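Chains as they are written, first to last, in the numbering used here: chain A, 1 to 375; chain B, 1 to 474; chain C, 1 to 298.
Hints in this document: simulated from the structure, not taken from any laboratory.
Since the model is a prediction, treat every value here as computed from it, not as a measurement.
Glycine included, C-beta positions come from ideal geometry on N, C-alpha and C.
Be aware that a few hints might be false.
A partial selection of chain B residues facing chain A, derived with a Cβ cut-off under 10 Å [unchecked claim]: (1) Y396; (2) Q400; (3) E402; (4) I417.
Each computed EDC-like pair below joins lysine to aspartate or glutamate, with the alpha-carbon atoms no more than 20 Å apart [stated by the list, open to error]: (5) C:K137 to B:D450; (6) B:K120 to B:E145; (7) C:K158 to B:E466; (8) A:K269 to B:E411; (9) C:K57 to B:E419; (10) C:K137 to B:E419; (11) A:K101 to A:E194; (12) C:K209 to C:D185; (13) B:K348 to A:E313; (14) C:K137 to B:E420; (15) B:K120 to B:D101; (16) A:K269 to A:E192; (17) A:K280 to A:E210; (18) B:K371 to A:E230; (19) B:K35 to B:E47; (20) A:K269 to B:D388; (21) A:K9 to A:E37; (22) B:K329 to A:E37; (23) B:K312 to B:E402; (24) A:K23 to B:E176; (25) C:K57 to B:E420; (26) C:K167 to C:E238; (27) C:K137 to B:D446; (28) A:K280 to B:E411; (29) A:K23 to B:E402; (30) B:K28 to B:D92; (31) B:K67 to B:D83; (32) B:K259 to B:D227; (33) A:K269 to A:E210.
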Amino acid sequence: MLERSADIKDVPYQRVRDSPTLKFYSSWEKYESGMGEPVGIANPIINERMLRGAELVELRPDGSYRGSLEEESPSADLFSVTEGRILAKHLMSLKSSLKLKVNDGENRRVEIIYLAPEAGSSHHHIRIDVGRGSSAEIALISSARSSAGVPITTMEAFVGEGSKLRIWRVSVFEREGLPISWLRVSGRGASEVEVRNVLLGGGASFASDEISLIGSKSAAKMNSFLMAMEGEKVDHLTNISNNSPGSNASIFVNGFNFGGVLVHRGKLKVTREAIESENKLSSIFYRIGSGSKTYSVPSLEVEGDFAVSASHETSVSPLPEIVLFYMKSRGLNERESLEVMVRSSLSKVLEGMDGDAIEKVISEILLRAPSGISP
Amino acid sequence: MKVEGKAELLDTISSSSEAAAFSPRYEKAIEIRGKVDRSLVEEISREKREPEWMLRLRLKALESYNKLPAPNWLSGIDELDLDELIHYLKPDAALARSWDDIPEGIRRVYESLKLPEAEKRVLAGISFQFESETVYLGVKRMLEEKKVIMVPMEEAVIRYPDMVKQYFSKVFPYAEHKFAALHTALWSGGVFVYVPKGVRIPQPIEAFFFMASALEGQFEHTLLIADEGSELQFIEGCSAPMYKRYSFHDGMVEIYAHKGSKVKFVTLQNWSGNVINFNNKRAVAEGGAYVEWLEGSVGSKVTYVYPSTILKGNDSSTSIYTITISNGKKLKDTGAKVIAIGKNARAKLVSKSISANGGKNVYRGLVRINKGAMNAVVASSCDSLILDGSSSSYTYPHNQVEEDTASITHEARTGRISEEQLFYMRSRGLSEGEAKSLMVLGFMEDVLIDVPFEMASVLNSVVQLEFSKLGGMG
Amino acid sequence: MFALFRIYNSRSCYLGRGEGQRQYIRDQYFPCRRCNLPGVYALTLQIEDLYAEIGGKAVLRGVNIELKRGEVLALMGPNGSGKTTLANAVAGSPSVIVKRGKIVVDGEDITGLPPEERSLRGILLLFQQPPEIPGVKLSTLMIAAYNKRRGSYTDLLKVTDPSLFSKMRSSLYAAGLNEDFLFRDLNVGFSGGERKRLELAQAMILGSKYLLMDEPDSGLDVEGLKAVGSFIEDARKEGRGILLITHYTRLFSAVRPDRIAILFGGKVVVEGGLEVAERVEKEGYSWLEGLEAKRVEG
Numbered sequence: 001m002l003e004r005s006a007d008i009k010d011v012p013y014q015r016v017r018d019s020p021t022l023k024f025y026s027s028w029e030k031y032e033s034g035m036g037e038p039v040g041i042a043n044p045i046i047n048e049r050m051l052r053g054a055e056l057v058e059l060r061p062d063g064s065y066r067g068s069l070e071e072e073s074p075s076a077d078l079f080s081v082t083e084g085r086i087l088a089k090h091l092m093s094l095k096s097s098l099k100l101k102v103n104d105g106e107n108r109r110v111e112i113i114y115l116a117p118e119a120g121s122s123h124h125h126i127r128i129d130v131g132r133g134s135s136a137e138i139a140l141i142s143s144a145r146s147s148a149g150v151p152i153t154t155m156e157a158f159v160g161e162g163s164k165l166r167i168w169r170v171s172v173f174e175r176e177g178l179p180i181s182w183l184r185v186s187g188r189g190a191s192e193v194e195v196r197n198v199l200l201g202g203g204a205s206f207a208s209d210e211i212s213l214i215g216s217k218s219a220a221k222m223n224s225f226l227m228a229m230e231g232e233k234v235d236h237l238t239n240i241s242n243n244s245p246g247s248n249a250s251i252f253v254n255g256f257n258f259g260g261v262l263v264h265r266g267k268l269k270v271t272r273e274a275i276e277s278e279n280k281l282s283s284i285f286y287r288i289g290s291g292s293k294t295y296s297v298p299s300l301e302v303e304g305d306f307a308v309s310a311s312h313e314t315s316v317s318p319l320p321e322i323v324l325f326y327m328k329s330r331g332l333n334e335r336e337s338l339e340v341m342v343r344s345s346l347s348k349v350l351e352g353m354d355g356d357a358i359e360k361v362i363s364e365i366l367l368r369a370p371s372g373i374s375p
Numbered sequence: 001m002k003v004e005g006k007a008e009l010l011d012t013i014s015s016s017s018e019a020a021a022f023s024p025r026y027e028k029a030i031e032i033r034g035k036v037d038r039s040l041v042e043e044i045s046r047e048k049r050e051p052e053w054m055l056r057l058r059l060k061a062l063e064s065y066n067k068l069p070a071p072n073w074l075s076g077i078d079e080l081d082l083d084e085l086i087h088y089l090k091p092d093a094a095l096a097r098s099w100d101d102i103p104e105g106i107r108r109v110y111e112s113l114k115l116p117e118a119e120k121r122v123l124a125g126i127s128f129q130f131e132s133e134t135v136y137l138g139v140k141r142m143l144e145e146k147k148v149i150m151v152p153m154e155e156a157v158i159r160y161p162d163m164v165k166q167y168f169s170k171v172f173p174y175a176e177h178k179f180a181a182l183h184t185a186l187w188s189g190g191v192f193v194y195v196p197k198g199v200r201i202p203q204p205i206e207a208f209f210f211m212a213s214a215l216e217g218q219f220e221h222t223l224l225i226a227d228e229g230s231e232l233q234f235i236e237g238c239s240a241p242m243y244k245r246y247s248f249h250d251g252m253v254e255i256y257a258h259k260g261s262k263v264k265f266v267t268l269q270n271w272s273g274n275v276i277n278f279n280n281k282r283a284v285a286e287g288g289a290y291v292e293w294l295e296g297s298v299g300s301k302v303t304y305v306y307p308s309t310i311l312k313g314n315d316s317s318t319s320i321y322t323i324t325i326s327n328g329k330k331l332k333d334t335g336a337k338v339i340a341i342g343k344n345a346r347a348k349l350v351s352k353s354i355s356a357n358g359g360k361n362v363y364r365g366l367v368r369i370n371k372g373a374m375n376a377v378v379a380s381s382c383d384s385l386i387l388d389g390s391s392s393s394y395t396y397p398h399n400q401v402e403e404d405t406a407s408i409t410h411e412a413r414t415g416r417i418s419e420e421q422l423f424y425m426r427s428r429g430l431s432e433g434e435a436k437s438l439m440v441l442g443f444m445e446d447v448l449i450d451v452p453f454e455m456a457s458v459l460n461s462v463v464q465l466e467f468s469k470l471g472g473m474g
Numbered sequence: 001m002f003a004l005f006r007i008y009n010s011r012s013c014y015l016g017r018g019e020g021q022r023q024y025i026r027d028q029y030f031p032c033r034r035c036n037l038p039g040v041y042a043l044t045l046q047i048e049d050l051y052a053e054i055g056g057k058a059v060l061r062g063v064n065i066e067l068k069r070g071e072v073l074a075l076m077g078p079n080g081s082g083k084t085t086l087a088n089a090v091a092g093s094p095s096v097i098v099k100r101g102k103i104v105v106d107g108e109d110i111t112g113l114p115p116e117e118r119s120l121r122g123i124l125l126l127f128q129q130p131p132e133i134p135g136v137k138l139s140t141l142m143i144a145a146y147n148k149r150r151g152s153y154t155d156l157l158k159v160t161d162p163s164l165f166s167k168m169r170s171s172l173y174a175a176g177l178n179e180d181f182l183f184r185d186l187n188v189g190f191s192g193g194e195r196k197r198l199e200l201a202q203a204m205i206l207g208s209k210y211l212l213m214d215e216p217d218s219g220l221d222v223e224g225l226k227a228v229g230s231f232i233e234d235a236r237k238e239g240r241g242i243l244l245i246t247h248y249t250r251l252f253s254a255v256r257p258d259r260i261a262i263l264f265g266g267k268v269v270v271e272g273g274l275e276v277a278e279r280v281e282k283e284g285y286s287w288l289e290g291l292e293a294k295r296v297e298g
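Next up, chain A with everything else stripped away, as it sits in the complex:
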């Protein structure tokens, strides 16, 4: 239950500061000033269905929805109004909470299309319950042309024993858009949770993914593709709290920065329960345009000497000469080489979705890349 009485003004943007030298990595003020009553429906960039044969759900800016989900009064178990001001405002603006229930042994594929407002903010909360021995594939697609709106989603998922949950988040915005999305997943024993992101542009896109693994032999896998052009910012968080014995947790983030701002903060926490687990966090950022800013904070927290492995690595650099040279020696020019790299990174993230739709997203992305690439 949310405390409607909480005084939002007193809630800070963030409880803990990120860095001694930067106040915040996230553009909280920007989001706050963009929030308000939703106006109109922005023109989506992606019109294709991306999950073939999936149930279709449409989320609308005014808080209403269409499709096969159950509606409940607003409530969130994994989010709290005290965490931060924007989240609090969102939770208190919810008209309802949508519930997606996957019964034991059942398989469900759902494509959720989020229609963003042209201005103002829209609010949706989705709760996903995946029973035992079942599987769910969910795609959350949001995209908008020339929209200054703040479409916000919170998603919480509970994955039962031996179940699989795969979530795609495809978020494609132009430089005015301010989408925010929080995802929290609690995975039980022998579950497999996979989160894949394509985050493209927006004046400031915020996408936070957090997975907590409990019970033994679970797996959490995150794979994200980030891209920002000049005047755009993508702010991405990937956290895994691993409490699962014999588990495997991995985070991989690949960013292409064409002159915008990319932020990635990832934390891999390996607790004393996660005995004999394997944990890896890695990120690679390429700078392609000029004037880019990249912030990478790959954190690792390891308690006790129980894990088999725990590591992280990150690099921020221009496209490596050797890679370019290799591709050129095969007859590709710079633009083509870049295309090959972007394509291969994207196809890993989008694998499992509809082939034609993938092409559409890729071509949208390549269309944005400026023609005069100078690595």
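With chain A fixed as given, assemble chains B and C onto it according to the hints.
Just chains B and C now, kept in the frame of chain A:
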């Protein structure tokens, strides 16, 4: 940068635990304690007969201290109550230039640290700080001939005001965080070193800091200025006896490395297990200058130290090595920071941490490449070794790249010693503790090959001492 | 047949914690090397009625083996018969829990001792799969192990005997490795063959009295096999006892074992000469099943 024989010198650092075993008796001249406010700061300044400008600086810092929030990334300092500390403690001893003139109680500490011998044989200069004041300063004639200045910080304020004004609190502005402000308001002691253009000092200079009282705050300020093309190596040792109550150390080191100079700053911190240690360390490197930090953190209850280099000039470079050992219920919050401003800046950050018996290590790093710091290359790595189930390791590296041509990499691994590895070593005849200390040394190997041989050998014996007692007897 | 030479001596010799210690008398008599009293014991590695488990699973079920100095005993047996477990149990691996029985070296019961104490008493295990130990070089480990064997040292890592380095070098060459291996991290990135050769080199450097060679031949080429063979031959001449664990008889052309024992189902079911190996070569291990049953009955 080659520096001759330092085995004896570093011996002094490793023998600091002996000195720490007894609490020295000595006469106190002045003791200022209690609430940190304007009158307290004025009193310290008056005691030191400081010029007006330094008092003003202290008071401005005090204002900042009162305004700034406590850093919210800190943990482990709940015990710290700044208002109950002795902020200034002057032993009844005039600054001695010959160690025969030091009062006996203090001299015993000094001797047990084996400092007189080291001074005679391997040091170019040495200063010894006891509580809040420098009680001994020895400078070899060679330094005087080369016009190197080495004086207690207070003396520099009076004799070289222009130089002090130019650098003091400029490399590390007091407004940066609460404890930097506190330090600047209350500073006492420390050394001022100026190395003139082109002068290379072949032997290191050492400063040794000793805290003899419980509930004491020590706020020494070290300022090193290496003029163009000069070379300097500075070694810092820290020690304190064990008391029931804590002591607080909030020191500062400012280094200004002018064009083409090389400065190496080595610390082996071995405070006793009740010291809360906060050390603010920063260097500015001008064009072509090289600054090297080596921070060996072994002792103390809680340590916060982040040696930092601002690569201001073109082609400047830095290496920062941190080795932290948290053996027992200790917290080490350390890390290296680099801010690249000039072109072609190079930095190498290497951190090795070892956690054992409930110890916690935190690495908090910053690599910041400002716009315009073209072709900056920074490689950082931080490896942690966790020896048992009760210990932990946290790594928070912040990489902020605002320049297109920069390349930075960071990698971190957390490792353990597996039962299989341990059995292999034991099957060759080594006890569990011996096997562990060998593996800990092996883990530190790639840092040890970069540090002076003697330093490596001190760390070597520290590790063997710390870890060889683990497990069964051999 | 194992009890033939056993005499229970009423006099205690103070070996170890000694009260009522069993003494073994074979063909030679020696004064007790600890107390120098005229107690007697035999120069053997004796494994008596050893029961052991790994991870709660019983693997060894009453193994009896006696290995004399200057003797090569080849231990064969199918996968999972407990050969490696036996070697690990003797060397004191913490993963093997000994439930019953004892291990006696030169008259001293070492069953409860930590692995390093066993090693210092002359037991050296050459691992089947030596682990990677990053940061620790062969030279470092050997200096430390050597110092421990000399007994008194001030610094574990100080080279006290300058000849040690030449010994390490020559041993590496004899094992078919070059001296670069002295300064490389132990086994890190080594091939299987290199690891085996490195184990062999360590056996040469440390000169232990009893060697437990766990499949020293696997992953080795013909040259490697020759090196193993000639090493074992030399070790036998020097009077060291060798327990040679192997899957194949191909090593026997390079070195002829004095005896062959077959471990099956956690027990030694057959012991004999080369003819046993030949039968294994021809028929595999299936013929042993009946034998095991017979022994259980007996």
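Going through the hints against the structure:
1. Y396: holds, 5 Å
2. Q400: holds, 5 Å
3. E402: holds, 5 Å
4. I417: holds, 7 Å
5. C:K137 to B:D450: holds, 17 Å
6. B:K120 to B:E145: With Cα atoms ~18 Å apart, B:K120 and B:E145 stay inside 20 Å; holds.
7. C:K158 to B:E466: holds, 18 Å
8. A:K269 to B:E411: holds, 16 Å
9. C:K57 to B:E419: This hinted pair holds, its Cα atoms lying about 19 Å apart.
10. C:K137 to B:E419: Cα-Cα ~18 Å, so holds.
11. A:K101 to A:E194: holds, 18 Å
12. C:K209 to C:D185: This hinted pair is violated, its Cα atoms lying about 27 Å apart.
13. B:K348 to A:E313: holds, 15 Å
14. C:K137 to B:E420: holds, 17 Å
15. B:K120 to B:D101: Status holds; Cα separation ~16 Å.
16. A:K269 to A:E192: Holds, at about 17 Å.
17. A:K280 to A:E210: Cα-Cα ~15 Å, so holds.
18. B:K371 to A:E230: Between B:K371 and A:E230 the Cα gap is close to 15 Å, so the pair holds against 20 Å.
19. B:K35 to B:E47: Judged against 20 Å, a Cα distance of about 17 Å means the pair holds.
20. A:K269 to B:D388: holds, 17 Å
21. A:K9 to A:E37: holds, 18 Å
22. B:K329 to A:E37: violated, 53 Å
23. B:K312 to B:E402: holds, 15 Å
24. A:K23 to B:E176: It holds: about 13 Å lies between the C-alpha atoms, which stays within 20 Å.
25. C:K57 to B:E420: holds, 19 Å
26. C:K167 to C:E238: holds, 17 Å
27. C:K137 to B:D446: holds, 12 Å
28. A:K280 to B:E411: holds, 11 Å
29. A:K23 to B:E402: holds, 16 Å
30. B:K28 to B:D92: holds, 5 Å
31. B:K67 to B:D83: holds, 16 Å
32. B:K259 to B:D227: Given that 20 Å is the threshold and the Cα spacing comes to 7 Å, the pair holds.
33. A:K269 to A:E210: holds, 11 Å
Checked against the numbered hints above, the structure violates hints 12, 22; every other hint is satisfied.
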